[in-house]
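Number of protein chains: 2
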Amino acid sequence: MTRHLTVAAAQMGPIQRADTRPEVVERLIYLLRDAAAQNAELVAFPELALTTFFPRWVIPIEEADQFYETEMPNKDTQPLWDEATRLGVGFALGYALKTQDGHRYNVYHLVDKTGNTVGVFRKVHIPGHKEFEPWRKFQHAERLYFEPGNEFPVWSAFGGTVGMAICNDRRWSETYRVMGLQGVELVLIGYNTPLNYAPDPTQTPLQSFHNHLVMQAGAYQNGTYVIGVAKGGIEEGVESLAQSAIIAPSGQIVRQAVTTEDEVVVARIDLDQTKFYKGTLFDFERYRMPEAYESIAAAGIEAEMGLIDLPEEPGT
Amino acid sequence: MTRHLTVAAAQMGPIQRADTRPEVVERLIYLLRDAAAQNAELVAFPELALTTFFPRWVIPIEEADQFYETEMPNKDTQPLWDEATRLGVGFALGYALKTQDGHRYNVYHLVDKTGNTVGVFRKVHIPGHKEFEPWRKFQHAERLYFEPGNEFPVWSAFGGTVGMAICNDRRWSETYRVMGLQGVELVLIGYNTPLNYAPDPTQTPLQSFHNHLVMQAGAYQNGTYVIGVAKGGIEEGVESLAQSAIIAPSGQIVRQAVTTEDEVVVARIDLDQTKFYKGTLFDFERYRMPEAYESIAAAGIEAEMGLIDLPEEPGT
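Top line first, the protein sequences correspond to chains A and B. Just so we're aligned: the first sequence equals residues 0 to 315 in numbering that gives the first Met the number 0. Just so we're aligned: the second sequence equals residues 0 to 315 in numbering that gives the first Met the number 0.
Incorrect hints may have been included.
For chains that are exact copies, the list does not tell them apart, and a pair is met inside one copy or across any two.
[Said to hold, decoys possible] Derived DSSO-like pairs: lysine-lysine, alpha-carbon spacing no greater than 30 Å straight-line:
id : residue 1 : residue 2
1  : Lys136    : Lys97
2  : Lys112    : Lys277
3  : Lys277    : Lys129
4  : Lys97     : Lys112
5  : Lys97     : Lys129
6  : Lys277    : Lys136
7  : Lys129    : Lys274
8  : Lys74     : Lys97
9  : Lys136    : Lys274
10 : Lys112    : Lys74
The hints are simulated quantities; they were obtained by calculation from the structure and are not laboratory data.
So here's chain A without its partners, still in its complex pose (with noise of 0.2 Å):
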């Protein structure tokens, strides 16, 4: 028995400050033709996919407003949700999300082949800092502008099992873990990765690496398959890793982007090759043990100071 799913990692080039929303998703509905037109049923783009990287600059929270949507979709993006129902093609979009109540997340919108939400993901583990530091080159102000979300859910959705994560998400072993005890088949990931890290230099010609390294280990340790799916090429003065991969439940590569820029990446999937991992060395309830990873769970100084600089409130 197979189940068959036929992928699309749609990478992207750079999305500068002066690109419209209408632009950017003229340039998101030509990847998703790109990717029908070789059978994909569900598409794949990167975090924040409808505007630049914009906490590489600290500007006043209540200026930043421009960078956020605070309806999905709408008019702007109604045209994405139009193509993608008439092709019959499922997505998931990244996009910084501003809240009827105010609340400020980046999200990954996952959308089914009729244009209905199956789910919105909220990014968990927000990287960088809050205040403006001077001995940057750019800044990485993702915790002003982003309120952390606190789950990994999954979805029945495709034929499978599907989660999402979101960027630094994937650097931490607990996302995929969390999602593979929901027996997550298939984790849908976008990113930016500056490939200038200027907290320690030493790791930016390692970007590359550590990308396909944690994504890599997180599919073969949960039997899950991985897409993760860059912003590459030079935003704004900033180069960014591109990279692109669909990876298998093996956690071999199988399929991945070449070039910097907007590229689509295909695969044709079988879930049921999750089984194999699922079912031998990573069977949880046969191997797993608890009782020694409690530590892991623990709240603590650690929970506190996750959230101490987050904002509870836009705009202080």
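Starting from the known structure of chain A, arrange chain B on it as the hints suggest.
Then chain B, alone, in the frame of chain A:
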């Protein structure tokens, strides 16, 4: 500031069933001297370094005492302790332990340069099965021979914070994380990995890839050195993975074995290199989100089933 330590992975070729303890200890001493001649201060030997990998056979547990040590050091291994003390070198030795009260564990025994015990680690994740399984070319009955440990302690030793794991433990991200939360800087891992994974033969050609993948990810995601030490070669007709490696906190392999036989691999490491990762991306206090990790430590059916087919008493 630097905290240099010269470490060695003392890989071993096969140990056949007929090989006596004195013969094996002679090999260990040869490896120890080789490492000491390269200025090694700490030498890691493989899992079950005194015997053949006996879980490949199912025999009545009451007839298996020949494979277990009941005290350590004992008369056969005392020469290793003596030579290490004379050379002023510490070491970690894997062996099967039967305790005074009849418990059987797969252990890793860490000894300081004066011959004193630093700690004894009991393997936590026991793979394989308990009963004879006729469809297998050879058995992997670790669940017959070993009860699990239930913790991953760390120790202050060799100028840093040292932890241990054994074989299957290295495939679980929790192994590294639980030690990482205790500030581990160096994880010693001994392993025996047959190049024939009977439950899913498609994994056999990936054993080398998986071996390095999990150790490299564990190192990077916790900012720790990892030393993986194999017993390789063809042992009692079963070929095992070699590929011993010394891995940096960057996740990079800095040294690796190139044979499948007795081979010493030495690296001069700097334990302060761990600070780059522990202080940036993996600043646990700042960035972890334990409230999202609760399911990882949740006891339940996994915990019960993980223990259910393990003997509480020898012979049961």
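Now for the hints, and whether the structure bears them out:
In this homomeric assembly, Lys136 and Lys97 come within 30 Å of each other (Cα to Cα) only inside a single copy, at 28 Å, whereas the closest approach across copies is 59 Å. Taking identical chains as interchangeable, the C-alpha atoms of Lys112 and Lys277 lie at most 30 Å apart only when both belong to the same chain, with a minimum of 28 Å there against 43 Å between chains. In this assembly of identical chains, Lys277 and Lys129 lie within 30 Å of each other by CA distance solely across copies; the values are 20 Å between and 40 Å within a copy. Only within a single protomer do Lys97 and Lys112 lie at most 30 Å apart by alpha-carbon distance; the minimum there is 25 Å, versus 59 Å between protomers.
With identical chains, the CA atoms of Lys97 and Lys129 are at most 30 Å apart within one copy only, with a shortest distance of 17 Å there and 55 Å across copies. Within a single copy, Lys277 and Lys136 get their C-alpha atoms only as close as 44 Å, which misses the 30 Å cut-off; across copies the closest is 22 Å, which meets it. For the homomeric pair Lys129 and Lys274, the shortest alpha-carbon distance between copies (22 Å) is at most 30 Å, but the shortest distance inside one copy (42 Å) is not. For a Cα distance limit of 30 Å, the shortest separation of Lys74 from Lys97 inside one copy, 16 Å, qualifies, whereas the shortest one across copies, 71 Å, does not.
For the homomeric pair Lys136 and Lys274, the shortest alpha-carbon distance between copies (22 Å) is at most 30 Å, but the shortest distance inside one copy (46 Å) is not. Taking the shortest Cα distances, Lys112 and Lys74 sit within 30 Å of each other inside one copy (19 Å), while across copies they are farther apart (71 Å).
Taken one by one, the earlier hints all hold for this structure without exception.
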